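> Listed here are the chains, written in short residue letters.
There are 2 protein chains.
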Amino acid sequence: MQASQATPPASFAGWLDDTNDITRAFLAAGQIPGLINIAGGLPDPQVYPVDALAEIAAQSVAEFPNETLGYGTIEGLPDLRRAVAARYSTDSLRLSPENVLITTSGMQALDLIGKVLLNEGDTMAGQFPTYLGALDSWRPRRPHFRNMNLQTNDLDFVAAMTGAKFAYTVPNFSNPTGRLVPEQTRRELVAAARQTGAWLVEDDPYGGLSYDGPIPPSALEISAEDEPDDGSPYSGPVIYLGTLSKMVAPGLRVGWAIAAPEMIAALTTAKQGSDLCTSGLTQRMTCKIFEAGLIESMNPVMLRLYGGRRDALLAAMDRHLTDFFDWQFPEGGMFVWASAKDERLNTDELFKFGLEELVCVTPSSVFDSQEEFRRGIRLNFTINDAEALEEAVIRLARATRRLLATLG
Amino acid sequence: MQASQATPPASFAGWLDDTNDITRAFLAAGQIPGLINIAGGLPDPQVYPVDALAEIAAQSVAEFPNETLGYGTIEGLPDLRRAVAARYSTDSLRLSPENVLITTSGMQALDLIGKVLLNEGDTMAGQFPTYLGALDSWRPRRPHFRNMNLQTNDLDFVAAMTGAKFAYTVPNFSNPTGRLVPEQTRRELVAAARQTGAWLVEDDPYGGLSYDGPIPPSALEISAEDEPDDGSPYSGPVIYLGTLSKMVAPGLRVGWAIAAPEMIAALTTAKQGSDLCTSGLTQRMTCKIFEAGLIESMNPVMLRLYGGRRDALLAAMDRHLTDFFDWQFPEGGMFVWASAKDERLNTDELFKFGLEELVCVTPSSVFDSQEEFRRGIRLNFTINDAEALEEAVIRLARATRRLLATLG
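Sequences listed follow chains A and B, in order. With this note's numbering, the residue at position 394 of the first sequence is 394, and numbering never jumps. So the number in this note's numbering is just where the residue sits in the second sequence, counting from 1, plus 1000.
No lab work stands behind these hints, which were simulated from the structure alone. Source: prediction; values computed, not measured. The beta carbon of each residue, even a glycine, is placed where N, CA and C say it ideally should be. Mixed in with the good hints, there may be bad ones.
[To be verified] Between beta-carbon pairs, the in silico distance windows are:
no.: 1; chain 1: B; residue 1: 1295; chain 2: A; residue 2: 329; range: 53 to 59 Å
no.: 2; chain 1: A; residue 1: 305; chain 2: B; residue 2: 1291; range: 32 to 38 Å
no.: 3; chain 1: A; residue 1: 401; chain 2: B; residue 2: 1096; range: 41 to 47 Å
no.: 4; chain 1: B; residue 1: 1349; chain 2: A; residue 2: 14; range: 40 to 46 Å
This is chain A alone, in the form it adopts within the complex (with noise of 0.2 Å):
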């Protein structure tokens, strides 16, 4: 029989034709045979504790099974909620578990976020340059995106923050600069947000991949400076996020957002009608994951295989890039982010030679909401090992050439 439509279908909403297919050229890119992909941000496989994580799985069934397999709360177990509050909380930062809400990742509390705070054409700040997928996250809330390096010296914090619902940002090792925030700069944020009233987003996944030392304070733990010492739990601006997915494994998707109970409250209302709660057996293995002391005694594995590669990278690209590019030293994280000397260098053309030579990068267009940046590369170093990375990088230098004679 024929179709008998007599209306084509509804149109898709507007927020969709904005979007870029970024991330499935990389998903077709996996399929092409004797790639080197260094342009994701996967832990690698072998530091996933399986067995552990097998009988975690098979204990949280059979210890709670109304938990792990009935409907929980929409804010989260109460375990795992009272978990992370002790967590994070210090001498000056007092967390109750109202300030903690359980999410689905950490992707979903950005969507959260952008579900409770911003209306159509609302202002939000966001750390330059910044990875889409973030951006992606706040794209069907329509909002007008400002960009905020703080890597110059002469950024008006104030200036930045002011009309805005929040400013993000990711101040351990960021996505896709490696660079960690030094500690006056975090304390510059959090005086803006408290100043014009922006709630600051403190996206923290790569926090625990330090290789070099200390961290700086959280700004969720500057901020607790600033509150009354009454006895009451946290009330400051800051939003901050964590997740499983670096420390432990992704694909549990388990993330939390430590917050003033008012956005906590807030964030509920929308994640009620996102999944109405997180799996409580994933909750439930995120408890025993942290009662087993897993992320402390995964981090040591991961900071010598992870530290390891990143400095065989960084060798590599001196043998074979410093004509092309300058690039910062990571001191944490999973990326080197690398600018192209010759401003004619366009990487969105990079990495499509790129393929031609069997290498995938991200190209820095990625990373920057106005599309526009296009002199920068971001390159990973934790699934592949110190000979892939090298030959990797040789096949980028070959790229690159081939790109460049085209310059003329």
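Add chain B to chain A, keeping to what the hints say.
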């Protein structure tokens, strides 16, 4: 130290003012000692195959560590997309994996549909009465809700759906009415969708809970009859939503959307910014649940348990409530829907009187997007045994008598 907040925190998005807080009232009610709760829609925990699911959880991690613990593709595990496509395919309904998106619960599918179809102010039509939980998922998009009463004989389907981006329906044992939408009505819905261009959302959590015999073909199947017979995957106007929640366990938070590939692609873009991907662990567990035939082995147990309780609730209502309410016989699902004979009886008030008598029911206002319908109540029969149901009905009769007495 004192807080130095110079400007109040930025305000929440406008839709948060519109939302109802009845869910919170229910959660608070859950803390009242001795309360019999017949308001929810929860499976009885005794039906969970705990040992089987504990083993499946451990096996999933042990056998598929990278898939369960790592990032997956946005659309879902290829094995699971294939399994869902195969499960719903018939001779005339040709589904390929590109017709399937795995979602983090059925609720997420509703959220994603709102994101991809609704600009602010767009119209959607919803089967009346409709569970407010579903409507909640669309509130952040600020649509115009249009009620569509499928129980009247004079509904003009084309008029109801003209200008709407989509129509939301629960044809099998609709929440809250427990009513089975007849085949002829389904055919009219599909025809109106084709004629008007509105997408037809067919939400089907309860289809497996049919106590008295077979159910009509789904709107998805009906719409496939009009599809071109050229071997291409389904491309019709129905967006079918399935979930594990009522048939196995809600705690896994796994659902699926089946739709035309263009719709699946749009939903995938929205899912990318919502949670990036559904947990690989709960997805692989779903594959194993399908393979082990757990749904099929659990179903007779659930039908016996819940069917018996439905009959017990109806018998108790016959004994105690005939003076006050009329109700329909539900052929399936989890609920009995009753309307007060006295039109002055406001069931929002009855909800409060009920709590005083230690019984919790759901008032009809939460099933009406206009929040105007005040004469109905929804009674659940799945989580309480016959004795508790009898006692709940006795308490409800007492509350009703007391409330009517106040009306003079």
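> Would you mind marking each hint as holding or not holding in the structure?
How the hints compare with the structure:
1. 1295(B) <-> 329(A): 53 to 59 Å: Taking Cβ atoms as reference, residue 1295(B) and residue 329(A) lie about 54 Å apart, which means the hint holds.
2. 305(A) <-> 1291(B): 32 to 38 Å: At roughly 35 Å between Cβ atoms, residue 1291(B) and residue 305(A) fall inside 32 to 38 Å, so the hint holds.
3. 401(A) <-> 1096(B): 41 to 47 Å: Given range 41 to 47 Å: holds, Cβ gap about 43 Å.
4. 1349(B) <-> 14(A): 40 to 46 Å: For residue 14(A) against residue 1349(B), whose Cβ atoms are near 43 Å apart, the range 40 to 46 Å holds.
No hint from the list above goes unmet by this structure.
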